[in-house]
Amino acid sequence: MLAFVIRRILVGVAMIVVMIFVVFALFFANGNPAINQCGKYCTPEKLAEITGLLGYDKSIPEQFGSFTVGLVAGRDFPVNDEYRQALIDNGFENRIIHCDAPCLGYSQSDQKTVNQLLVKAAGPTLSLAIVSFLIWIFFGVLIGVLAAVNKGRWLDRIVVGSTLVVYALPVFVIGTFFLQYVAIKWQLYPYPRFEALKEPADIIPWLTGILLPALTLALFFMAAYVRYTRAFVLESMSEDYIRTARSKGLPERTVLFKHGLRAALTPLVTLAGLDFASLLAGAIITESVFNYQGMGALAVKANNNHDLPVLIGLVIVGATAVIVMNIIVDILYAYIDPRVRVTK
Amino acid sequence: MTSTLDVPPVTKSPSTLVVSRSPRQLAWARFLRDKKTVVAAVIVAIYVLLAIAAPILVALGVLDPYGNNLGLIGNDSMPLGSFGGASWAHPFGVEPGLGRDTLSRVWFGLTFSFAIAIIGSALAMLLGVVFGIIAGLTGGWVDTLIGRLIDLTLAFPQTLMLLALSSTVIGILTSVFFVPEGDIARATYVIVVLAVFGWVGVARVIRGQVLSIREREYIDAAKLIGASPMRRWFREVLPNLWAPILVQGTLILPAYISTEAALAYLNVSVSQPTPTLGNVLQDAVRYPIADFTYFIIPILVLVILVVAFNLLGDGLRDALDPKGSR
Amino acid sequence: MKKRSIARLGAIAVAGVVITALTACGASTDETGGSTGNTGGTVTYLGVAGQWEGTDPATVYYGNEIASLRRLVYRGLTALPITDDPNPVPVADLATDTGTSDDGGLTWTFTIKDDVKWEDGSPITGEDFIYGLSRSFDETLVNGTGVGVTYFSSYAPSVVDAGYTGPFTSSDDAKAVFDEHFFADGQKVTYKFDNAWGDFPSAAAGLFTTDPYQASFDDGSTLWEINSNGPYMMEDDEFDGATGATFVRNPEYDPSTDSTDLREALPDQFNFEFVSDSDVLFQRLVADAGDDQTAFADANIPATFYSQVESGAIADRTLKSTSPYTRFLFINSLTVTDPDVRRALAVALNKDGMIQAYGGENYGEPSTSIVSKAVSGFEENPAFADDNSAGDPEAAKELLGGATPEITVAYAISPTNEKLIPVIQQSFEAAGFKVTPLGIAADAVPGYYGQMAAKDKNGQKVDVFLGGWAADWPSMSTVVVPILRSNPADAESGVGFNYGFYSNPEVDDLIDQGLAATDPAEGASFFAQADAIAGADGAYIPVVQQNNYFLYGSKIGGFLPDVASSFYPDFGSIYVKK
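Chains as they are written, first to last, in the numbering used here: chain A, 1 to 344; chain B, 1 to 326; chain C, 1 to 578.
Some hints here could point you the wrong way.
Derived coverage of chain B by chain A (criterion: at least 3 residues anywhere in the stretch with Cβ under 8 Å from a Cβ of chain A; other residues may be distant) [to be verified]: (1) 257-263; (2) 283-289.
Taking CB as the label site, the calculated pair distances span [claimed, not checked]: (3) Ala53/B / Ala3/A: 51 to 61 Å; (4) Leu207/A / Ala53/B: 44 to 54 Å; (5) Asn267/B / Glu252/A: 46 to 56 Å; (6) Glu361/C / Ile158/A: 47 to 57 Å; (7) Arg157/A / Ser212/B: 27 to 37 Å.
Straight-line C-alpha distance at most 30 Å; calculated BS3-like pairs for lysine-lysine [unchecked claim]: (8) Lys578/C / Lys320/C; (9) Lys555/C / Lys578/C; (10) Lys35/B / Lys185/A; (11) Lys185/A / Lys577/C; (12) Lys455/C / Lys434/C; (13) Lys175/C / Lys188/C; (14) Lys434/C / Lys320/C; (15) Lys320/C / Lys397/C; (16) Lys175/C / Lys117/C; (17) Lys185/A / Lys117/C; (18) Lys185/A / Lys192/C; (19) Lys113/C / Lys192/C; (20) Lys434/C / Lys397/C; (21) Lys113/C / Lys175/C; (22) Lys198/A / Lys120/A; (23) Lys577/C / Lys555/C; (24) Lys555/C / Lys185/A; (25) Lys151/A / Lys36/B.
Hints in this document: simulated from the structure, not taken from any laboratory. We treat Cβ as the ideally placed atom computed from N, Cα and C, and that holds for glycine.
Working from the sequences, and respecting the hints, build out all of it.
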């Protein structure tokens, strides 16, 4: 088991390195990135100055090297050594930004280290991911089970019908509806604003603020999970061992929860883990509709500004989340289902 | 596609489908018995016909997706008259801003969305089936390698990458691969994205199927040593895979149409004035209150299509699987 | 099109400004709600996410941002008062008076008030003003416009020529030159220019270039920080360009050091709240629910909302006024060289149709100049005064004499411009032109203006292209100079805003005379003459004189777009109605 885990981790790290390479290479394929930091009155002279300041005039392998060094040992910004020396000579050492390891980089346009930006964006993203996840798991599984148990009857039909429709609605449509109709026009709900959760007293404002966007995101997954749960439960309920359990005279409830649902849980857990992980990279569309400044919004901004350090940081965080989740799920799966361990 | 696009994956169920060896007539009979599925099939067929008909109608001048009707627009950029400016000439009204005929744009947009989705899914299916079969049949390090490749693809923060890479990749497409600039390049990018991220789900399902077939055919395996195994396996295995392939294909198409809509919202898909369901919807979603007709029409068109396709896919799956009691 | 105004490029603020009347429509705004009965409450300022690029005074240059910060947190040497007077005169703010000059504007001295403080309680010293000025010379401060450099290159060229680039990077020699020109002695601050700057006090009022900056505050990243010396201070550590900030009362602010002519400071709190787009913003203002009743915005009502705000009770919450914005078409003087062709283009253009595409009469009216009516010294440009605003294709055909020149019209792709282009195309084609539209994508790199600024238009054939400008400083110099003064001979891209590369020595001459004039009216007349010549020469085609069309919450009082705030609503007069 341990060897398995270690191998997975190593492979994961290798994948992250590959991805960083890809982003780095493709980033520079798009022309001099300094132009985006040059401002409104960009002249060739100013562009050259900014290019030097940001270190974009060094070769790509060299920049990659500095980046790796920063990751391990920390780095100082701005990157240009002469500029930093000039700052110290002029008595402005406090304008030098010290970025501690692991330093993912520095965003010139935001004047913050990537780590700071990620931490700031983590709040909305985590809030969205967690609340949304709880909603869709709870209601998705519950409704799915209810539908499976009532298969063929009107409850089941309504559920299946409505999940199909919800599943078909794009997220930005649902989000816009919630924002413009539910919150603003009909005033059924206060205008959603992100309130950070810093102390327990903040819970109510936090929850109030996160509910609509979380619901937007959750509805979508909920529909899918209702379908999955219903399918898995129905499938496992038709297995032979269920018939055995029934014929043994076990109450239906026990049959359902002890045997049927448990079998359905394994694939559900796998899927849930992966879906949750993917949300940690930010839900771009939802965040954009509600103007929530999570990782998704950060990604859009970094993309528009061609902010390489931020993009790299986001790739690392997103990929790590998914890879870690993958490993956890694999381990869980192997743990729950011994057959998997054997065949692996 | 995985969930970073806020679009759920097509299907990640690893092995819930067990291919039956019932003759096609049995499956067909089961299919027909389910009223829902038949209706869904009819609706899908209608949509397909509409999508095929649109370019012809546009060429004939019956549909006009590009013409501006500024006279039908008031000073406030909104269509004159109720229901988004509906009239006999414009049954679904006209678009705010330029007054283009909504029916024409949605209808013609259907064609483009379908085209993108079909090509994308065909590519994804092709890649998925090939890799799935190879992985399932060969096993060993090849299987592991493909598994790693799948993991790598899934680990990508997809939305971020496709946003960040869009201009670069489109640039590469136009300069290195001589794809015509503009709409075709952007459409190609969307197709590439769909295929690159979509083959994974298909591969997993196919691999699972191949493994289960293989288990059952292990006796034949002994016979096949000597004869060119790969070829015979492909010939043996593929025919048994038609059912999951059909089902998968039917299920990923609507997901791709939805994905195209999401990509349009992010300004990655084909841009105006060429219509796709996605970019018409992207514009329509700006007027949920001011022009409800224009808002709801593309949504209805999209939802009905996706629901029908999913129902059809479910029905196919049920028809081809005797055991699952759906 | 420039949606946001850029501060005072190369401008001279002329002390007396003449503006045609601000027309208030519907609302009775009590602009001096000075009575204490109006104190208290929280006002929400709604904006669209992503427009602010920083709150470091050395980097702020959008007109509305300068206006709001000037009233809330950043006091200057002088400031313009809250008033609907079209000719406001600067008054003393942190200085004891509006400055003295004994040599006709070459040297200015100010004495800083003794009891003015930063939000941490430390006193504001003369040295702070010098430090603040020095920072504005640093163009590498993020999005630094180097406004200091732009201005002072006209009035203190020796500093710029010495290579002064701010306090962090300048050589000792350059610093010495700077220190010779600008220095402080206790509370006394002295500015020595190479060329006389007659109305330096007005420039000090309207820009942050000469504002003080506490050296000890300049630590680490300052881009989104605010060190206040005004009636309010920021509650958060940082201003968030995507979500906004909260401003509460500053306990270190002493109203007796200030004047209610500048800052009434009635609300207890200002919430800056940014939303994802202007549709959401205006939905909220229209709905006027809960806290939004005490909200306002400085964005113009989008055309799609006109039908919702034009009548009924909601119309009482709207305000229409002449805006400093005009829109026009540049003519590329390098490619369209035949004056008859240029004249034909101007004559053929259907301005009425374009205005309808923009939004109709709520949006604006046909203009006859690139200069807005709201600007001092405005005169109708005689070259365009008699033109038919619906276009006259026949007259244009005559001018062309049967020729059918090929014209490419460039524009930035947007829903509005997609409506405009067919109108432009039809009107030109009716006169015989062959028109090719060229749309530049919103996410193109370089962007639309970046491409149009280039002499070679980014390698594309461009003959006519859309443009817009705002004189947010009410002086003709801020329009005529950037747009019509010829670019240097070796310039590869337009200096200022002369993207059409128009070049006429007669016009340049008049511009120089205008800049040198000490009497504002005289200066304005020189600029008007320059505009008339350029117009007749076909340098541009004026299209529309924009209106401001604002909407605010039902409990907002003191809503006053005035000169001091560049015609945006003045934060100094806003209060919550009981």
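Do the hints match the structure? See the list:
Against chain A, the segment 257-263 of chain B contributes 3 residues with a C-beta closer than 8 Å to a partner C-beta. That satisfies the three-residue criterion, and the hint holds. Counting residues of the segment 283-289 of chain B whose C-beta sits closer than 8 Å to any C-beta of chain A gives 3, which meets the bar of three, so the coverage hint holds. A C-beta distance of roughly 60 Å is found between Ala53/B and Ala3/A, which places it inside the suggested range of 51 to 61 Å. Taking the beta carbon of each, Leu207/A and Ala53/B are about 50 Å apart, inside 44 to 54 Å as hinted.
Judged by the Cβ atoms, the range 46 to 56 Å given for Asn267/B and Glu252/A holds: they are separated by roughly 52 Å. The supplied range of 47 to 57 Å is met by Glu361/C and Ile158/A, whose beta-carbon atoms lie about 52 Å from each other. Against the hinted window of 27 to 37 Å, the Cβ-Cβ separation of Arg157/A and Ser212/B comes to about 32 Å, which satisfies the hint. Annotation: proposed proximity of Lys578/C to Lys320/C holds, straight-line Cα distance about 24 Å (limit 30 Å).
Restraint check for Lys555/C and Lys578/C: the C-alpha separation of about 7 Å stays at or below 30 Å, so the hint holds. Simply put, Lys35/B and Lys185/A have alpha-carbon atoms about 40 Å apart, too far for the 30 Å limit, and the pair is violated. Among the hinted pairs, Lys185/A with Lys577/C is consistent with the structure: their alpha-carbon atoms are about 24 Å apart, no more than 30 Å. Of the pairs offered as hints, the one joining Lys455/C and Lys434/C holds, with about 23 Å between alpha carbons and a cut-off of 30 Å not exceeded.
At most 30 Å may separate the alpha-carbon atoms for a hinted pair to count; Lys175/C and Lys188/C meet this at roughly 20 Å. Between Lys434/C and Lys320/C the alpha-carbon distance is near 39 Å, which puts this suggested pair outside the 30 Å criterion. Distance hint between Lys320/C and Lys397/C is unfulfilled; the C-alpha atoms sit about 38 Å from each other, more than 30 Å. For the proposed pair Lys175/C and Lys117/C, the alpha carbon gap of about 27 Å is at most 30 Å, so the pair holds.
Distance hint between Lys185/A and Lys117/C is unfulfilled; the C-alpha atoms sit about 45 Å from each other, more than 30 Å. The suggested pairing of Lys185/A with Lys192/C is violated, with an alpha-carbon distance near 58 Å, which exceeds 30 Å. A C-alpha spacing of about 21 Å is found between Lys113/C and Lys192/C, which places the hinted pair at or below 30 Å, so the restraint holds. Note on Lys434/C and Lys397/C: the hinted pairing holds, with a Cα-Cα distance of about 12 Å set against a maximum of 30 Å.
Taken as a hint, the Lys113/C and Lys175/C pair is honoured in the structure, with Cα atoms around 27 Å apart against an allowance of 30 Å. Note on Lys198/A and Lys120/A: the hinted pairing holds, with a Cα-Cα distance of about 12 Å set against a maximum of 30 Å. Using a Cα cut-off of 30 Å, the hinted pair Lys577/C and Lys555/C holds, with the two alpha carbons roughly 5 Å apart. Among the hinted pairs, Lys555/C with Lys185/A is consistent with the structure: their alpha-carbon atoms are about 19 Å apart, no more than 30 Å.
This hinted pair checks out: Lys151/A and Lys36/B have alpha carbons roughly 15 Å apart, not beyond 30 Å.
Checked against the numbered hints above, the structure violates hints 10, 14, 15, 17 and 18; every other hint is satisfied.
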